[in-house]
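Novice: With the hints as your guide, set chain R onto chain Y.
Letter by letter, the chains look like this.
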Amino acid sequence: MKLVVVAALVTVIAILGSRLSFTRLRLPLGLENFFLTGTEYVLVGLLLGSAALDLLDASTLQSLHPFMGLGLSWIGMLFGVQWEFKRLRRIPPPTFAVALLQAVVTMIAVALPFYLLFRRLFAYETDIVLICAISLAAAASDTGQSGLALVTRGKEIAKKPLVPLLQNVSNLDGLVGVIAFGLVSCLAQLHDGTPAYQWIGISVGLGLTVGLLMAALTAYRLKEEEMLLVVIGSIAFGGGLALYLNLSPLLVNLIAGAVVANLARSRGQAGIRSVLLRGERSIYVLFLILVGAAWQLGSLWIFLLAFLYLVSRIAGKLLGGGLASRLFLPPSLAAGGIGLGLLSHGGMALAIVVNLHQIHRSALTDVVISIILLGMLVSELIGPTLLRRTLEQNR
Amino acid sequence: MRRAGALLILVLLMGWLERIPPGNAPGAHTAMVAGLLLLSGYLAGYLLAAVRLPRITGYLCVGLLMGPHILGFLTADTVAELGFLNELAVTFIALAAGGELKIAELRQRMKVILMTIAGLTLIVCSLVALFIFLARPLLPFTNAFSTVQLLAVALLFGVLAVARSPSSAIAIINECRARGPFTEAALGVTVAMDVLVIIFFAGAISFCEAVMPPVVPIDLGFIASLGAEILTGIGAGLVIGLVLAYYIDRVQVNTSILLLGTALLVTYLSHGLGVYLQETFAVTVHLEPLLICVTAGFTVQNYSRQGGKFIEAIEAVSLPVYVLFFALAGAGLDLGALRKTWAISLMLVAVRGGAIFLGAYTGGRLGGDPPRFNRIAGMAFLTQAGVSLGLAMEVVRRFPEWGNDFTTVVVAVIAINQMIGPIAMKQALVRSGEAQDA
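As they're listed, the protein sequences go chains Y and R. Numbers 8 to 402, taken from the working numbering, label the letters of the first sequence in order. Numbers 194 to 631, taken from the working numbering, label the letters of the second sequence in order.
For reference, chain Y alone in the conformation it holds in the complex (with noise of 0.2 Å):
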């Protein structure tokens, strides 16, 4: 009874929230980034969750978790289906080594302190401490477009050349992310020792398979509530099938998205889009409040932890977006570096910390949400404005 009661109030205010939010509002710059990328839903479950009016108890939460893995799976096809080769041809190849770059170099700097940190800090196996600390380096990765699109709305700024490739470069390094999660969460420790590239086969073979049901499925004419079953079955199938054998259904969608991008005929595609984009919202902010809800914030040790990965990111993208510039950009183009503009949170990081505690649950896990959401908090209210900074700096 409460779990329906709760249900209802959480989707009534996902809804609402999906309306309300996402829009531009008169405030400071950091705050308005704030707002425009829904991070305020995290506090709105922080308040509904244990932590304060304990509407939504770990109980209610348990019975959530199938939603939970909706909106991860969701989450991962939308950002999979924007991958069309015709459409990638067109980013400059540069991009690509500055995109990896950067978040290669970001990933080794938030995950080489924190493995040796969480070993030093928790009891358990160097296995399970790397899978955390690289599932939290590759969250660190990704880079939110929302400062971009704020900083550069209607601007005059909006002309400097470097904001194309602010914007490919952040659009790209959340697959790095997502990849190197993925493969982690075929380490054999998670799934009781057989040889990690046999998951990876299988992860990449799941999301082949969702991917051409999909194509072959959306292939015929659809009538509007028929493309809303093959994509909310295909989302569920997939991302349920991806956590049944405890794998990631951010990789597994994200395959399966790409391959509807590229395969499926352009009627399915534009179907499949337009079904994906119209619950993105709302299913973003349930995500939000769930995860806000799920937010253990422990001792105050995690506010230490979290101030270290701000550092240890923000060096990693200052280092990473360097070096990138430097090797793959002409000097006029970025002389000073990029990484002080890639430092907006994307949803994406969330996704991936939130999947590593669907496959994995403990203390470590809830230590690494607290610290990407406090992370995430931080770096939305600070990043839209070393992004000014940067884009003013570019001639």
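Hints were generated in silico from the structure; no laboratory data involved. Glycine included, each C-beta is placed from N, C-alpha and C at the ideal position. Careful, some of the hints might be misleading.
As a list, the in silico EDC-like pairs of lysine to aspartate or glutamate whose alpha-carbon atoms are at most 20 Å apart [what the hints assert, rightly or not]:
#	chain 1	residue 1	chain 2	residue 2
1	R	Lys502	R	Asp598
2	Y	Lys167	Y	Asp373
3	R	Lys533	R	Glu594
4	R	Lys295	R	Glu505
5	R	Lys502	R	Glu298
6	Y	Lys230	R	Glu594
7	Y	Lys230	R	Asp630
8	Y	Lys230	R	Glu508
9	R	Lys502	Y	Glu232
10	R	Lys533	R	Asp598
11	R	Lys295	R	Glu508
12	R	Lys502	Y	Glu231
13	Y	Lys166	Y	Asp373
The following residues of chain R were derived to be distant from chain Y, with all beta-carbon distances above 12 Å [said to hold, decoys possible]:
#	residue
14	Ile202
15	Val226
16	Leu229
17	Leu231
18	Ala269
19	Phe400
20	Ala421
21	Ile423
22	Glu508
23	Trp535
Taking beta-carbon pairs under 7 Å as the criterion, some of the chain Y residues facing chain R (in silico) [what the hints assert, rightly or not]:
#	residue
24	Trp90
25	Tyr131
26	Leu220
27	Ala222
28	Leu248
29	Leu252
30	Ile366
31	Ser369
Specialist: What follows is chain R alone, placed relative to chain Y:
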């Protein structure tokens, strides 16, 4: 061909998955099974539609195939876990049924509807009861009953035989895009009888309690409380309907999700209120969510200008709801019960079917329907599900000594009717000439 291939791939994938030890992610299996049922049900429905069978038969068959009795991809526990989807679907379909009822058209067909209800109720109930009375040797659990006790049990069978399945009816009508006087009467009768059967059942079970040990004298107060419950249900439905109409008029966004949420909330709040009143004040109140939702849908359609948008919002999400609902119903079909009682069940299905044809024919004739409608009317009323199952469970609760044997037969009969009912109904709509998309 491509769809058949896709269905095969899904089945093979699940077959392969069965061999792999599952992970520990909560809700993964539920999400996977829900996705599987949606996709495979949709595909099977499409394949059956190609041979002019109703799509919902495809959904049912997929559920049966994947369910605990055949392939076992869904265990009984999984079916129970997905029970909330079932409850959501039942009330959502009730909203749709209410929305399809239009006063202006019903008024024109009122005489036929009333006569058909009378014909079906009297003839089906009495012929089925008579059959049970005569078929006593095939029902060992009645051996120890006196004649009056046997009569009471026969009456219970008779009342349950009157119940039908509005969900199947509305799904078939939507699938065929059927519109016209025959369809209107069939839907009106089906929805009305779903409410009436609860009243008849209350009477029959009270009679049963009065003649079965330990004897409980007939309490006529139940009629008053039943009346109050029905009136409360109608009142609640009216209010909900007006609120929904206001929302559709003023807010106009995410109406489909709101309707799904309303259906779910009505289900749980009516049950929850009953439990609360029982625990707190020791008062037994049973609010019928189906009645509330039918009334709400009826209110939006007939007492506001939002009927068109309401139906549009329902149709936008109805396909996944139907597929899941009927696939789960298929998975829940008790083949074990059918195996145990196939002889009596088949006879009962035949008697019920014959009685329905006779009752519908008589009602239609008295109501002034043309012979071409009367000859096929019975086919539209064979479906049976939901309510009968719920009422049969009530018999188990009140008469644990023989209720299980009683319910086994009822469940087996429902299983057969659930498979043949939709096919017959689609045929009826096609033959009436009102199916636009057959």
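Novice: Would you mind marking each hint as holding or not holding in the structure?
Specialist: Tested hints:
As the CA atoms of Lys502/R and Asp598/R are separated by approximately 46 Å, the hinted pair breaks the 20 Å bound. Only pairs whose Cα atoms come within 20 Å are accepted, and Lys167/Y paired with Asp373/Y is rejected, the gap being roughly 41 Å. At roughly 18 Å between alpha-carbon atoms, Lys533/R and Glu594/R fall within 20 Å of each other, so this suggested pair holds. For the suggested pair Lys295/R and Glu505/R, the alpha carbons sit about 15 Å apart, so the restraint of at most 20 Å is met.
Between the alpha carbons of Lys502/R and Glu298/R the distance comes to roughly 19 Å, so the proposed pair stays at or under 20 Å and holds. Under the criterion of a C-alpha separation no larger than 20 Å, the hint pairing Lys230/Y with Glu594/R is inconsistent with the structure, at around 51 Å. With a C-alpha separation of about 14 Å, the suggested pair Lys230/Y and Asp630/R falls inside the 20 Å cut-off, and the hint holds. Taking the CA atoms of Lys230/Y and Glu508/R, the gap is about 11 Å. The hint holds against a cut of 20 Å.
At roughly 15 Å between alpha-carbon atoms, Lys502/R and Glu232/Y fall within 20 Å of each other, so this suggested pair holds. In summary, the hint linking Lys533/R to Asp598/R is supported, as the alpha carbons are separated by about 10 Å, within the 20 Å threshold. The suggested pairing of Lys295/R with Glu508/R holds, with an alpha-carbon distance near 17 Å, which does not exceed 20 Å. About 16 Å separates the Cα atoms of Lys502/R and Glu231/Y, which keeps this hinted pair within 20 Å; it holds.
Simply put, Lys166/Y and Asp373/Y have alpha-carbon atoms about 42 Å apart, too far for the 20 Å limit, and the pair is violated. The claim that Ile202/R lies off the interface is violated: its Cβ sits roughly 7 Å from the closest Cβ of chain Y, which falls inside the 12 Å cut-off. At the 12 Å boundary, the C-beta of Val226/R falls inside the reach of chain Y, the nearest C-beta of that chain being 7 Å off. Residue placement check: Leu229/R does not keep its beta carbon more than 12 Å from all beta carbons of chain Y (closest about 6 Å).
The non-interface label for Leu231/R is inconsistent with chain Y: the shortest C-beta to C-beta separation is roughly 3 Å, within 12 Å. The claim that Ala269/R lies off the interface holds: its Cβ sits roughly 18 Å from the closest Cβ of chain Y, which is beyond the 12 Å cut-off. Listed as a non-interface residue, Phe400/R keeps its Cβ farther than 12 Å from every Cβ of chain Y; the least gap is roughly 34 Å. No beta-carbon of chain Y comes within 12 Å of the beta-carbon of Ala421/R; the shortest separation is about 23 Å.
At roughly 23 Å, the least C-beta separation between Ile423/R and chain Y is larger than 12 Å, which holds for a residue marked as non-interface. The claim that Glu508/R is not at the interface with chain Y is violated, since a C-beta of that chain comes within 12 Å of its own (minimum 7 Å). With 12 Å as the threshold on Cβ separation, the claim that Trp535/R sits away from chain Y holds: the shortest Cβ distance comes to roughly 34 Å. Of the supplied interface hints, the one on Trp90/Y is violated, with its beta-carbon coming no nearer than about 22 Å to a beta-carbon of chain R, more than 7 Å.
A hinted interface residue such as Tyr131/Y counts as satisfied when its beta carbon comes closer than 7 Å to some beta carbon of chain R; here the least separation is about 16 Å, so the hint is violated. For Leu220/Y, the interface hint holds, the least distance from its beta-carbon to any beta-carbon of chain R being 6 Å, beneath 7 Å. With a cut of 7 Å, the hint placing Ala222/Y at the interface with chain R is violated, because the nearest CB-to-CB distance is about 10 Å. This hint holds: Leu248/Y has a C-beta 5 Å from the nearest C-beta of chain R, less than the 7 Å allowed.
Proximity of Leu252/Y to chain R holds as hinted, the smallest CB-CB distance being about 6 Å (cut-off 7 Å). Restraint check, Ile366/Y versus chain R: the minimum CB separation of about 6 Å is within 7 Å; hint holds. A hinted interface residue such as Ser369/Y counts as satisfied when its beta carbon comes closer than 7 Å to some beta carbon of chain R; here the least separation is about 11 Å, so the hint is violated.
The structure fails to meet hints 1, 2, 6, 13, 14, 15, 16, 17, 22, 24, 25, 27, 31 from the earlier list, while all remaining hints are met.
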